[in-house]
Every structure is written in structure tokens, then in C-alpha cells.
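Undergrad: Starting from the structure of chain D, add chain A where the hints point.
Number of protein chains: 2
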Amino acid sequence: MAEKKTTPITGITVSKEEDFSGWYTELINKAELADIRYNVKGFVVYRPWATISIKKMYQKYEELLDEKGHMPLIMPSVIPESNFTLEADHVKGFAPEVFWVSEAGSEGERLTERLALRPTSETALYKMYSYWIRSYNDLPFKRYQSCQVWRYEGKMTRPFFRGREFHWIEAHNCFATEEEAKDQVKEDMQMTYQMLQDEFCIPIIFFERPQWDKFSGAEFTFAADALMGSGKVLQLPSTHLLGQNFSKPFNVKFLDKDGNEKYCYQTCYGPAISRIYGAMIAYLGDDKGLILPFDLAPIQIVIIPILIKGKEDIVLDKCKKIYDKIKEKYLVKFDNLEESPGSKYYRWEMKGVPIRIEIGPRDIQKDQVVIVKRHDGKKIFVKENELENIIDEIRKKYTKELKEKKLLDFEGQIEVCYEQDSAKEAIDNGKIVCCGFCSIDMKAYQCAEKIEKELGAFVRGKKVDEEKHEFATCIICGNPATCTVYIAKSY
Amino acid sequence: MAEKKTTPITGITVSKEEDFSGWYTELINKAELADIRYNVKGFVVYRPWATISIKKMYQKYEELLDEKGHMPLIMPSVIPESNFTLEADHVKGFAPEVFWVSEAGSEGERLTERLALRPTSETALYKMYSYWIRSYNDLPFKRYQSCQVWRYEGKMTRPFFRGREFHWIEAHNCFATEEEAKDQVKEDMQMTYQMLQDEFCIPIIFFERPQWDKFSGAEFTFAADALMGSGKVLQLPSTHLLGQNFSKPFNVKFLDKDGNEKYCYQTCYGPAISRIYGAMIAYLGDDKGLILPFDLAPIQIVIIPILIKGKEDIVLDKCKKIYDKIKEKYLVKFDNLEESPGSKYYRWEMKGVPIRIEIGPRDIQKDQVVIVKRHDGKKIFVKENELENIIDEIRKKYTKELKEKKLLDFEGQIEVCYEQDSAKEAIDNGKIVCCGFCSIDMKAYQCAEKIEKELGAFVRGKKVDEEKHEFATCIICGNPATCTVYIAKSY
Numbered sequence: 012m013a014e015k016k017t018t019p020i021t022g023i024t025v026s027k028e029e030d031f032s033g034w035y036t037e038l039i040n041k042a043e044l045a046d047i048r049y050n051v052k053g054f055v056v057y058r059p060w061a062t063i064s065i066k067k068m069y070q071k072y073e074e075l076l077d078e079k080g081h082m083p084l085i086m087p088s089v090i091p092e093s094n095f096t097l098e099a100d101h102v103k104g105f106a107p108e109v110f111w112v113s114e115a116g117s118e119g120e121r122l123t124e125r126l127a128l129r130p131t132s133e134t135a136l137y138k139m140y141s142y143w144i145r146s147y148n149d150l151p152f153k154r155y156q157s158c159q160v161w162r163y164e165g166k167m168t169r170p171f172f173r174g175r176e177f178h179w180i181e182a183h184n185c186f187a188t189e190e191e192a193k194d195q196v197k198e199d200m201q202m203t204y205q206m207l208q209d210e211f212c213i214p215i216i217f218f219e220r221p222q223w224d225k226f227s228g229a230e231f232t233f234a235a236d237a238l239m240g241s242g243k244v245l246q247l248p249s250t251h252l253l254g255q256n257f258s259k260p261f262n263v264k265f266l267d268k269d270g271n272e273k274y275c276y277q278t279c280y281g282p283a284i285s286r287i288y289g290a291m292i293a294y295l296g297d298d299k300g301l302i303l304p305f306d307l308a309p310i311q312i313v314i315i316p317i318l319i320k321g322k323e324d325i326v327l328d329k330c331k332k333i334y335d336k337i338k339e340k341y342l343v344k345f346d347n348l349e350e351s352p353g354s355k356y357y358r359w360e361m362k363g364v365p366i367r368i369e370i371g372p373r374d375i376q377k378d379q380v381v382i383v384k385r386h387d388g389k390k391i392f393v394k395e396n397e398l399e400n401i402i403d404e405i406r407k408k409y410t411k412e413l414k415e416k417k418l419l420d421f422e423g424q425i426e427v428c429y430e431q432d433s434a435k436e437a438i439d440n441g442k443i444v445c446c447g448f449c450s451i452d453m454k455a456y457q458c459a460e461k462i463e464k465e466l467g468a469f470v471r472g473k474k475v476d477e478e479k480h481e482f483a484t485c486i487i488c489g490n491p492a493t494c495t496v497y498i499a500k501s502y
Numbered sequence: 012m013a014e015k016k017t018t019p020i021t022g023i024t025v026s027k028e029e030d031f032s033g034w035y036t037e038l039i040n041k042a043e044l045a046d047i048r049y050n051v052k053g054f055v056v057y058r059p060w061a062t063i064s065i066k067k068m069y070q071k072y073e074e075l076l077d078e079k080g081h082m083p084l085i086m087p088s089v090i091p092e093s094n095f096t097l098e099a100d101h102v103k104g105f106a107p108e109v110f111w112v113s114e115a116g117s118e119g120e121r122l123t124e125r126l127a128l129r130p131t132s133e134t135a136l137y138k139m140y141s142y143w144i145r146s147y148n149d150l151p152f153k154r155y156q157s158c159q160v161w162r163y164e165g166k167m168t169r170p171f172f173r174g175r176e177f178h179w180i181e182a183h184n185c186f187a188t189e190e191e192a193k194d195q196v197k198e199d200m201q202m203t204y205q206m207l208q209d210e211f212c213i214p215i216i217f218f219e220r221p222q223w224d225k226f227s228g229a230e231f232t233f234a235a236d237a238l239m240g241s242g243k244v245l246q247l248p249s250t251h252l253l254g255q256n257f258s259k260p261f262n263v264k265f266l267d268k269d270g271n272e273k274y275c276y277q278t279c280y281g282p283a284i285s286r287i288y289g290a291m292i293a294y295l296g297d298d299k300g301l302i303l304p305f306d307l308a309p310i311q312i313v314i315i316p317i318l319i320k321g322k323e324d325i326v327l328d329k330c331k332k333i334y335d336k337i338k339e340k341y342l343v344k345f346d347n348l349e350e351s352p353g354s355k356y357y358r359w360e361m362k363g364v365p366i367r368i369e370i371g372p373r374d375i376q377k378d379q380v381v382i383v384k385r386h387d388g389k390k391i392f393v394k395e396n397e398l399e400n401i402i403d404e405i406r407k408k409y410t411k412e413l414k415e416k417k418l419l420d421f422e423g424q425i426e427v428c429y430e431q432d433s434a435k436e437a438i439d440n441g442k443i444v445c446c447g448f449c450s451i452d453m454k455a456y457q458c459a460e461k462i463e464k465e466l467g468a469f470v471r472g473k474k475v476d477e478e479k480h481e482f483a484t485c486i487i488c489g490n491p492a493t494c495t496v497y498i499a500k501s502y
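Chains D and A supply the protein sequences, listed in that same order.
Each residue of the first sequence is one higher than the last, beginning at 12 in my numbering.
Each residue of the second sequence is one higher than the last, beginning at 12 in my numbering.
Okay, chain D solo, but in the shape it has when bound (with noise of 0.2 Å):
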């Protein structure tokens, strides 16, 4: 029964703690997660590996927004030049991440008018809109497709997290009032919790950004930060209200109940799933690999025989019946490949299989297995015939165990400072700057330059929600403060 043999793998040779972005670069290749060899620049493959979970993220992300009362669509992926430049920041904003399609055929006969590779799809739907909502009865009116977007990145790329090409979902929404926009806008905040935090166990705060780091063409901007390795903060999710700056210049308008055409109202949120994906295996991972929440796996369970000569049939006669037993309820791997235990222990912590199951001559004579936890390490032995009642158990509680875990105190990494000597002192420690600042809007611009320039790092905006402002004073121009912000360094 045993299958062929195959090269054995160990843990990753450099500690997360110490060198995160080495560490990255060994998980990714190690559990065979994406592969950068790929001839284009900024390019990567996505692997089987991660491909599944990915499949499966966003699978729950959609069933959510459908919950919502969004409903998908798909979109062409390009976007005629004309189109592309009617919302004047929008283009200014995107034009230079923009790949253009303007060529065709095997002469490359120039198109009549280039096309933009979608870098985000405003500009393809509204035009689209316009056509479809005709009267206050088709509002609220709420879609979303789940697609890749390409950006033409100066930026380091790193699989996942920053690339040329990247999936996500997009939603697009129209409403009679500005009110309602602000609730979606809610609602957004709230889903991205939901699944983020409580589905992809990792934690996250929400910043207004600063006017100067806005979605381009947007009135405002509310983005997701998780803290990272090495002290940097990666942007997740973010949702943008746009007032009536496209459905202006696109005419997305609706009779009113009152007899008068009026423009609507938007909003537009991205949950970007590749990079999603990235912030999660970043932010679980440990030195022996992946950790993966228990329904995003690929694997749910790996069960390995512990062979000893002479008693191999009994043993793997035993996996095998384990192996049929539990595999209609779980994503189950039997294997049976031959090659030692403890290689085979390594590759699953590797590929971060929630559960492992040990079955041995001495287990079988007592009737038992051995259960090992991915998140936790620990070790079970557990009677066969409540195996099938451990497990359930082990799954209900394997994705909040690791939640909670994992849910790391973002105060505590979170410094009060008072002068731009000591933020820059914390900034270099890895932590996250919190202090006084003239405003978020553009008249504090210079001052946010500043704290690039000097500080290497980024003024993320104020948290959503954070009642108090207690600083005088702004950290850098020392000008009455309007407002607390947060800073920190960012992939």
C-alpha cells in the first residue's frame, strides 16, 4: 500500500522573530505557496497550496456580501482610455500604475483607442450604471465581482502582498441619500471584522486616512491596518465614499420619489483576497511553517502510520480504516508514502495541516491514537471510538483558539509620544507611533512629508471611532493639534 518515495523537507532555517522577511521567503517556497520564477516581473504563480485556501476565503467573503444583498457580476478587464480619464483624480491617481493594451494581432496593429488592464473598475461600471438604475425603486443597488486588477507597481513586490497582478473582490454601490452611503461604509467596516478577524484571525484597526492618502476620486477613505512583521503595518481592506464624484461625470442618476433626477450616492470597497491571504500566513506562521485556520485548509487532517517491521499491514490496515472513516465529514490525507515519520511530521507542520494523526503498533494494541495540533503543538491520545467526537470538538475550537491566541494587543505596540525625537526612536523599534497632528487634511501635507522623510514612516490617519484627542500640540509643526494620529512604517 505504500506509495513512492519522495525528497524529505525541513523546518524554515530562519526565525520569524528575527528575520521576517527572510522567514516570508522560505515559508513561500517551502510549503510550496507561490512560486517567483515566473518571467515577468512583479508576476508570481499562486500554487495549488494557496490557491485552495484562497478558493475557500473567498467563497466565504462572497456568501457574506450576498447575505448583504450585493450580487455578482463580471465586468470586462478592460477599460477604454475614454472611460478611464472622465473622473479627473482618478485618472491622476492611477494613471501612472496603469498597463495599457494597445496593441493587436501578429503585425501589433495599433488599437484605435488604448485600453487600461483594469487597475480597479470604477470607471468600467458606472458607465454601466447609468444605463441600469433608472428610478429610486432600483436603489439600493448592490454588486460586486470578484476578479484580478493589475497595477503597474513601482514598489518592491512580494508574493501576496504587493504584486503587478492581484485578486480581490470589488463592490460597487449607488443609494438615494448620503446617509445610507455612510452606513454602507459601515457595513463595510463591519464585514471586514467579520471575516478578517474572526474567519482569518487576523486583527486589525481602522483609520480614516489622511486626505492625501485617499482612494483617488474619493471624498474619504477607510482602510484596514494589520501590524506585520518587523513592526510594519500592511493595509487590508479599505472602503471609500464617493460622494457624487462619479455618478456626476459618469450620470449614474434616479428619479426620486419626488418627481426630480437626482445623482447618486456611492461607495466602492475592495477586500483584496491575495494579498488577505499573505497578511494571514504572515501573521500566523511560525518557525515551523504554516498555520492555517481549521476551515481554510487544504488538508484538515493528515493521518501517518508509524511503521515497525513485520507489523506494517496492521498499521496501515488501521490508518485505512481510519482514513474512510473520517474522510466523508473532513478533508482528510492519508499518507503512506515511504519515507520516516518525522519527515513526514515536517512537511504538514510545514503546509500547517491543523491535525495530525499518529497511528502505531503499541496505539493500535491500546486501542488509541495520537493527535497532534497544529496551532498549539500539543499532544492527545485519544480512544478510537471517540476519535470522530475529539475531532469535532478540536475543529470547533481550533480557528477561535488561534483567534485568541493570535490576537495580538495592538495597544501594546502602540507608543504615545510627545516630539519627533522620540517617534522616530519608537518607529525604529518597530512600534507604532500615536501623538498629536494639525489635521488629516491636505494643509497638513508638509508636515506628513516630514514624518516620511525623517521618520521612514506613514501617517495612517485617525482610528474610526477613537472618541478622545488629548494632544496640544502637533508633533512636527508644534501648531495647535486638531486630531490623534497613528504612525508607522508600511509594506
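One or more hints might be untrue.
Repeated chains share a single entry, so a pair holds when one copy, or any two copies, can fit it.
[Said to hold, decoys possible] No more than 27 Å apart at the CA atoms, straight line, and that leaves these computed lysine-lysine pairs for BS3-like:
no., residue 1, residue 2
1, Lys340, Lys407
2, Lys416, Lys259
3, Lys442, Lys66
4, Lys331, Lys79
5, Lys338, Lys153
6, Lys416, Lys377
7, Lys71, Lys340
Just so you know, these hints were derived from the structure itself, not from any lab.
TA: Positioned in the frame of chain D, the structure of chain A alone reads:
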């Protein structure tokens, strides 16, 4: 409880039988499946009603591929020109259809290497396969991705049937021996029958395509044709025996058990889900609109209250009660808009909802509801306490009945011909011609060209598994026939 009023719709105004093309266009519009007003030629928007079914089709297909040992991955959507040109026949075949990304950024800076928007992914993937496949232990190596592809089509486009961007699955497999590759092609054909005929109710025939019509770079192509309206066939999934045509230029080698390095034998298979969706709705629909297999319907049951003045509340309450009872198990819509029942019937028939439940005051008196099935139009009176059982029964039979009713006898559409004149007449009458042909190798190309020019039809190839060959001479040149072929107009 009643909601807002919307404009009533009526059935399709032209007959499918008389004007298939006009009928299809109206179906696409009135059932809100796609929108052709997107302002890039050949690119259409898939609206929610189509998108939801397409997602379900993807899921079924992916589950089957997983079950057959394939694993999913995600490839970049751009292919560097240097990869693209590695296999000579492939580039010759696909170059005329390529969209090129050649510029990026605000200034439209020229890229150092042009990037093809993938028309298909052989030349992207196989470079990676050369890294991943090392020894016979890695074989068979079976991967797929669900993605869109782009083709700069010259032909007339039509939503779902043919467009410049479409959505498919592509599976790419590597084997140690030619025999295994051939077995894979057989498995691909079996999967196609299982999905298209059993799940999507589209009858197909597999043909070995003539050499001039094979996939560029393949040794042999086997493609499914479905008979659509107005006697034209539509090519559906095809599977290709690539031999070592790609493994040699892409260096996809493995170390065999005998210690020798060998090139893999490869196959690829490409079910175009969006096109299959088009074929399905075209094939199953009628003059009232869509008909869908039960599992693929975005809404499976619609509940329509029959309101009579003074008794609105009783009826709406009963509808709500039944809605609550069945919604856990089925996708149910309670249509309580202020609109006549007749308009609602039209709407949901147009949308292809399999079961309509009507409830009026008299039904409540009799403890019954009225059920109307979309696929056969039959009306049943059902006691309320039997409703769930009856729905379960209908669900079980619905798709099967649809398949049997619609499993059009290809044979009846086929006319055996011995002369070009009678063949022309048969083609003009919307038939498929069966006749003798010199061969399906390149040497018969001139005869095929003549058929294209003079009959406006195409040699679809030899029927897979057809034993008999009874024709003495080629219908065109009169030379001895070596095979029986089928000729038809095509989309």
C-alpha cells in the same frame, strides 16, 4: 408587506424556431443576462442572473476535476513574448488573436518586452512545469486554472457564444507515456459528457478534428459540437493530445525509473464555461424565456401571492409562512411587489425559475397551493402539508426530465450525402451532412476549402468511436474516401 412597483415585462416577441438570432438577442436582454452596451467592441458585461449560474457551473466542473486528481493554481494573465514564440505552430495559430500589453504608466512608457494577454496558457505554464517536474514521482502532473482568456476575434461576436474575453477552465497535464496521455484525453471526453449532457442538458458529439482545424501546437484535437438553433453547430470543450510538441521547446523533462531523462507527454483541455452557459440557454430556452437545470437556477422557487381585496393579509401571511418553511433548503424568492400576478408569471418564466408557487384565498381555504413547473408548464395542486415532499420530488426529476425531453436526436439532423449538390441543399436546410472524404490530414485541405467556399460549411471531423466507414469516394474530389466526416455550419 408589499414592496415597490416595477415595470411589467412580457415574453419574447420573436419565435426561436423562426428567428433564432433575434430570439437569442431578446432573451439576453429581457432575462437580463448580459449587456452589450459596454463600449469596447467584443467585450460584454455578464449581469447577475447569468453570473450566478456561471459560478455554479464553475463549481460543479471544478469539483469533478478535483475528484479526477487535478489541482488548481493561478497563473499570471500576461505572457512574455519570448515565451509565447517558443512553439512555432502555436505562435502561428494564436498570434493573429493576441492583445498586446506594450505600454505602462502615465507617459505610456514602452515595456522592454511586450506581454500577451493570454489567449491560452500553455506558454506561461509549461515554463513553470520545467521547474516543478523532476522525476517520475511527480507524474502524472495534473493542474487546472479557472480564469478568463482574451482573443482578438475577427468573427462576429455574440454574448457568451463568442467574445474577445471569455471565461473558461484550462487543465494542463503531464505524463510519462503517450498511453497515459491518450487515456487522459478519454477521461476529458467522459468528463465533458458528464457535465454537459447530465448536468447542463446539452447533447454533444465528439469529433476528431481535421489536421487543419486542430489546436495550434497539438498533434490531435478532439472537440465536442452541440447543435444550436438554425442548424448551426457550436464548438464546446475540446481536449488536445500535445505529444512532446511543447515539452521539448519548454524543456518539460523527468528522470525516469531507468535513470534516463525523458520529455513528458502532455494534454490540455479547455471547457469554456461562459460559452457552455450560452449554449445551454440557447438550447434549453423557449419563447417564454430561459429554462435552466434545477441546480443552476439563481432562484429555484418563486412564491406569488394572488391578492383579492380585503384578503391581502391572509394571503401574504400564508406566503411568508411557506417561504420561511422552504427557504432553508431551496433558493426561494417571495415576490410581494405591487404588480399583477400575470406580470410576475411572465418575469419569472423569462428568468427560468423552475418552480412557481401561487397562493390565493381559495387555495388557503382548501389547504393547498398551486405549483407550476417551468420546464413542462404543468400545474399541480398540492396540499400544504405535502408541499415539501412534492418539491423534493420535483427537484429530483427536473434536470433529468429536461435532459430527456431535450436530448435532441442528432441522428435525425444528419443527412447522408453522396454528391456536392445534395450536400449543399442539406446544409441550406439546416442539416448536418455525413459523407465520404479523402482524409482529415492536411492533404485534404483543398477539399475542405471548397466546402467552406461553396457550401458555407465546415468539416467538423471524424466522429470519435465511430466504427463504420461506408463511403467509396470523397464527396468533393471523387478520389477514394478514407473516412466518414460530418459537415455543418458553425457559430
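Undergrad: At most 27 Å between alpha carbons: which applies to Lys416 and Lys377, within, between, both or neither?
TA: neither (33 Å within a copy, 59 Å between copies)
Undergrad: Tell me, please, which holds for Lys416 and Lys259 at an alpha-carbon limit of 27 Å: within, between, both or neither?
TA: This pair counts as neither: shortest intra-copy Cα distance 48 Å, inter-copy 51 Å.
Undergrad: Could you figure out if Lys331 and Lys79 sit no more than 27 Å apart (CA to CA) within one copy, between two copies, both or neither?
TA: between (43 Å within a copy, 20 Å between copies)
Undergrad: From the Cα coordinates, with 27 Å as the cut-off, is the pair Lys71 and Lys340 best called within, between, both, or neither?
TA: This pair counts as both: shortest intra-copy Cα distance 19 Å, inter-copy 19 Å.
Undergrad: Go through the copies and call it for Lys442 and Lys66: within, between, both or neither, with a Cα cutoff of 27 Å.
TA: This pair counts as neither: shortest intra-copy Cα distance 34 Å, inter-copy 44 Å.
Undergrad: Reference check for the pair Lys338 and Lys153, CA-CA at most 27 Å: within, between, both, or neither?
TA: Intra 39 Å, inter 22 Å, cutoff 27 Å: inter-copy only.
Undergrad: Tell me, please, which holds for Lys340 and Lys407 at an alpha-carbon limit of 27 Å: within, between, both or neither?
TA: Answer is both; intra-copy 13 Å and inter-copy 24 Å each pass.
Figure legend: structure checked against the earlier numbered hints; hints not met, in rising order: 2, 3 and 6.
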